[in-house]
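Spelled out, the chains give:
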Amino acid sequence: MERPPIEPIRTSQELSFLNDQQLDNLQEATLRVLETTGVQFPSQKALAIFAGHGAEVDDDSQIVKIPRELVFKAMSTIPRYFTLGARDPEFDLKLQEGISFFTNDGCGHNVIDFKTGERRASRKDDVGMMARINDYLSSMAFSWTMVSAQDCGVTSPLHELDVTWKNNTKHYQSVTMMGEIICRYGVEMATVLRGSLEEVRRRPPISLIVCTIAPLMQDKEAIEGALVLGEAGIPIVVMSMPTLGTTAPAAYAGALVIGDAEVISATVLMQLANPGTPVFHSILHAWADPRTGAYVGYPLDSRVRYAPVEMAHHWGMPALGGAFGTESPALDSWRSAAEVTTDPLLVALAGAEIVTGIGLRDTYTLLYPEAIILDDDIYHRARYSLMDMEVNPETLAVDVIDIVKPGGHFLGQKHTRKHMRTAMVRSVSHQINEKGKYRHPVEYAREKVKWIMDNHHPEPPSENVQDEINRIIANAEKELIE
Amino acid sequence: MSEELIGKLKQAVIDGEPEDAEIFAKQALDQSVDPLDCINLGLTPGIQEVGELFSKGDYYLPELIIGADAMKAALDILEPALVSGQEREVVGRVVLGTVAGDLHEIGKTLVGTMLTANGFLVTDIGVDQNSEAFVAAIKENKADIVGASALLTTTMLQQKKLIEALESAGIRDSVKVMIGGAPVTDLYAQEIGADGYAEDAISAVDIAYRLMDAPV
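These protein sequences, in sequence, are chains C and P. Numbered per the working numbering, the first sequence finishes at 1437, counting up by one with no gaps. Numbered per the working numbering, the second sequence finishes at 456, counting up by one with no gaps.
Source of the hints: derived by calculation from the structure; they are not laboratory data. Honestly, I wouldn't trust all of these hints.
[Unchecked claim] Cβ-Cβ distance ranges computed for the label pairs, FRET-style:
id: 1; chain 1: P; residue 1: P423; chain 2: C; residue 2: N980; range: 55 to 65 Å
id: 2; chain 1: C; residue 1: H1412; chain 2: P; residue 2: K296; range: 20 to 30 Å
id: 3; chain 1: C; residue 1: E1349; chain 2: P; residue 2: Q271; range: 35 to 45 Å
id: 4; chain 1: C; residue 1: N1419; chain 2: P; residue 2: P285; range: 51 to 61 Å
All C-beta atoms, glycine included, are put in the ideal place defined by N, C-alpha and C.
In isolation and in its complexed conformation, chain C is listed as follows (with noise of 0.2 Å):
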């Protein structure tokens, strides 16, 4: 069976929130943070590393001070474009200026069952049948970890990378593994996989994505895990996730600053332990609703949720943008759409390299699995949006309109013949039954899933590598229970 290429959206345009004074007067914050508010690292792993290199760290709050210069120096070091590996080749990510790379959402933990409808909470068979979908479509490019296999205690996240890889031949970021010892297998793992380490160092089957703590502090596991697979080569996202009026201030440009200085601190750390990790730089913020505290990601106004890319590339290194996500809880509401319907159209504009999360539901928890292939139809309308327009003899027509006349239809005519079929790309709302009628997109997002999880089997790794992945699952498994 034919298997769909990787098209991410690729653009000309690019979208500018914030100015160059803007953006040196947010940098210009953020150094300040670093050098006399300082971040928080609950590590002596990471407070070592930095006292090394001439921080000023306070062992008793554990709070880093990073001098201007250090950070400089730190920052001189990050890769702006690499490559993301693939278990396919053919799917390996080259990152570059013009293209938005996206993937699914992630990490759920609630689903409703596809067979019975009812809610439940996720299991690896889930990551499993995401993991399967995602490797069909076209619109993504990578695999995150969808929804989390609550049915497997301590080890899920090596467990989710195991199912991903038996279900999925592209480049996977896991959003779950957390700590030294759990990094430490996903490296063995990804080893075996390879075959070499200097081969995951040079085409990184999978990355990792770890979370600040909002405002100014890092999550030891995160931080020590980065660390274990950062001197593998594997690239890291920081994300830091703050919320405007609670961990955050609430005036925009102090949150990206909040936010800046999280990603910043901890990027600085990772090229201190090992100079050259591929970072990511990613602020996902949201809003507390003044009256009740609610978490809201998608108020009204949210002119430059997309700023925090334009930060990024300010300091050199690629971002991760933030896409889709709707609080609604329904799979097809007008909600669902409205809230998200311009996110890959505004974060492919501000030229965010990597983007997820495409198919979740209520605020990034609650998995519907036909959702995905109404978000990608989402995704499809803004990559369609952004394509260059052909003008030429062939597409301006103008002879065949002679020909046709004022009044007359142009069905009969043999250019309409060549180019009607591709003239109009079919959306999910535009699938045809054998009557001719239009069907119900959910319908056939429904159909779709089942086809997929029906026709399309990819190649899980070889048996010898299986063997390997199940032993060090074991491995960890007894370690960690111990």
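Assemble the complex: chain C is given as a structure, and chain P must be docked to it using the hints.
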């Protein structure tokens, strides 16, 4: 030789090549091939295959229209050569037009093409046609079905006038009336006493078969 030419005529319709269809039709007459054989064994199976390919989703609207154009190009040459008494085999005879005051053509044209591709003999009288023109065409072509298209709420009233005109002319019982167009509904068709309503060209074929009591 005649079989080869008839095969070429059929293929010209399937491939949607009106110029070729015209050339082969002329060659057939030059070589004294029976024009009725050319139609019944070449053009008709050709357009039926086009219709089947369209139904299966392999062909799109342009292939359908150009196939019908190819058939028409050949018919324009072959039909005048039919000897008296010779007639094409057809499912039924249809007169089709857009009502008075309405210049919209494409919907009616699509219906005509679909009916042609499914074995009907269609006479398209064009747009902006008053009831008198419809009545005259029905009589002249001995139509089994008349199809009246209207795309405006202001002109759909003409569909009712057409039915009244058919009654006045004393031919309402001998011709079935199909109506269509964007503002037209099944309910409206019932209200004005039409025999059938089709919301698109594909369902128009089913309606026409039903009105002819022919198997769909």
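- Query: Which earlier hints can't be squared with this structure?
  - Reply: The structure breaks none of the hints.
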